[in-house]
Every structure is written in structure tokens, then in C-alpha cells.
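Hey, can you work out the whole structure from these sequences and the hints?
So the sequence lines, in the order shown, correspond to chains E and P. Per this note's numbering, the first sequence starts with residue 1, numbered consecutively. Per this note's numbering, the second sequence starts with residue 115, numbered consecutively.
What the hints contain is simulated information worked out from the structure, not anything from laboratory work. These numbers come from a predicted model, not from an experiment. Virtual Cβ for every residue (Gly too), placed ideally from N, Cα, C. Among these hints, one or two may not hold up.
Stated by the list, open to error - Example chain P residues on the side facing chain E (calculated, C-beta under 8 Å, incomplete):
id : residue
1  : N146
2  : Y148
3  : L204
4  : R208
5  : N211
6  : A214
7  : G217
So the chains spell out like this:
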Amino acid sequence: AQSVTQPDIHITVSEGASLELRCNYSYGATPYLFWYVQSPGQGLQLLLKYFSGDTLVQGIKGFEAEFKRSQSSFNLRKPSVHWSDAAEYFCAVGTTGGYQKVTFGTGTKLQVIP
Amino acid sequence: SQTIHQWPATLVQPVGSPLSLECTVEGTSNPNLYWYRQAAGRGLQLLFYSVGIGQISSEVPQNLSASRPQDRQFILSSKKLLLSDSGFYLCAWRQENTEAFFGQGTRLTVV
Numbered sequence: 001a002q003s004v005t006q007p008d009i010h011i012t013v014s015e016g017a018s019l020e021l022r023c024n025y026s027y028g029a030t031p032y033l034f035w036y037v038q039s040p041g042q043g044l045q046l047l048l049k050y051f052s053g054d055t056l057v058q059g060i061k062g063f064e065a066e067f068k069r070s071q072s073s074f075n076l077r078k079p080s081v082h083w084s085d086a087a088e089y090f091c092a093v094g095t096t097g098g099y100q101k102v103t104f105g106t107g108t109k110l111q112v113i114p
Numbered sequence: 115s116q117t118i119h120q121w122p123a124t125l126v127q128p129v130g131s132p133l134s135l136e137c138t139v140e141g142t143s144n145p146n147l148y149w150y151r152q153a154a155g156r157g158l159q160l161l162f163y164s165v166g167i168g169q170i171s172s173e174v175p176q177n178l179s180a181s182r183p184q185d186r187q188f189i190l191s192s193k194k195l196l197l198s199d200s201g202f203y204l205c206a207w208r209q210e211n212t213e214a215f216f217g218q219g220t221r222l223t224v225v
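Written out as C-alpha cells, the structure reads:
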């Protein structure tokens, strides 16, 4: 069965600083990988996705993520964080084939300080 | 374009009362449909998913059930709510091998 690990429950960064959120996955085949962002009391918005091809993917709001098969990782990065980036971030893996499940990590809550 | 509607946005129900949360999708056909529950520090727990009308798979045995009476309608139900059913419930849809799209969620408080 697939799984996702986000080792950092809570991260605090200063506005303007760089950001990296870690994500490791476990899946037997080539995964579909996603990063979502959630503001309090809201649904989830897709930031970016990886299906195949270039392992560095660009997303919305200036985010990017790099797929590293050898490390089973899909870390999210942003060079300069804005106060509006404060939210909770979820990494997810989507299965291919029959069951079409999307499994999420436990999330990383980002706090941005001035 | 595709849209997903989920209601109600908030719900306060007494212990032992029934539950019905509804989710509908527009602008796509034969989507995969999902119910997730979110609790603090536990991420999104997949409760049910459906690949077609009347086809429901349960991920976690519990006090809830799901039904898909129409292609783009997904309903989460309970006959008798427990305190532990409180949480934030999210409906999502996905076409094969694409990303999932989420509704705005329902905050359920069982009192």
C-alpha cells in the first residue's frame, strides 16, 4: 500500500526567506505526486503535480518541487516566502491502475513571521 | 469547467442523530469520487471512494457509510453519530490518472 511521510509538522520561516518542505513517499510503481495547500476552514488547492518527464516541476504562487526517485522524495520549495503563504501544506501520492486512490501525508503547517 | 459542490458548510448534530452530507460534481462524467476526513495532526484520512454508480469501497471500518446513487453524486451517511465522528469532511473527484479536486468541506461537530 502507498504512504506519504511529511516529517515536519510545523515550520516557521521569516518573510523573504527560502522554504523547503519535505515529503517522502512509498509506492511500488511510478507515482503520481502532488502538493496541495489548505487555508484554515477551506478545501485543498493544488499547487503542483508530477506525472512524468522533467523531475523539477513548477507550480502556482512561485512554488516548485523536485522528484527524486532514488530518495523517494518530492520536496516543495520556494525561494522567497510571503506572509500570504502561511497555510498547511499536504503532499500526496496518487495510484495508477485499478483503484485510483490518492493518499495524503499528515501535513506541514507553515508559519511566516515578519 | 468542472465544479464540485459540498454541503452543508457547517453542521452541529447531537450524539445519536443521523447524518447526511452530499457532494455533487458538474462538468465531468464518470469521475472517481472520494470522502476524506481531516483531524488535527492526522492529515486527510480516506474514508470511501467510488469508481462508479453503486460501487463503494471503504477504507476504514467505522460508523459511517457512503452511497453513489447517481454518476456525479456522492453521499456520506450515518445512522447514529458518535462524538468521535466530529471533524472536517472533504469530498473530492478525480479522473483517471489526474489530480484530485476538492470541495470546500463540511465542519461537523457532534455534541
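Against the structure, the hints:
| no. | hint | in the structure |
| --- | --- | --- |
| 1 | N146 | holds, 5 Å |
| 2 | Y148 | holds, 7 Å |
| 3 | L204 | holds, 6 Å |
| 4 | R208 | holds, 6 Å |
| 5 | N211 | holds, 6 Å |
| 6 | A214 | holds, 5 Å |
| 7 | G217 | holds, 6 Å |
No hint from the list above goes unmet by this structure.
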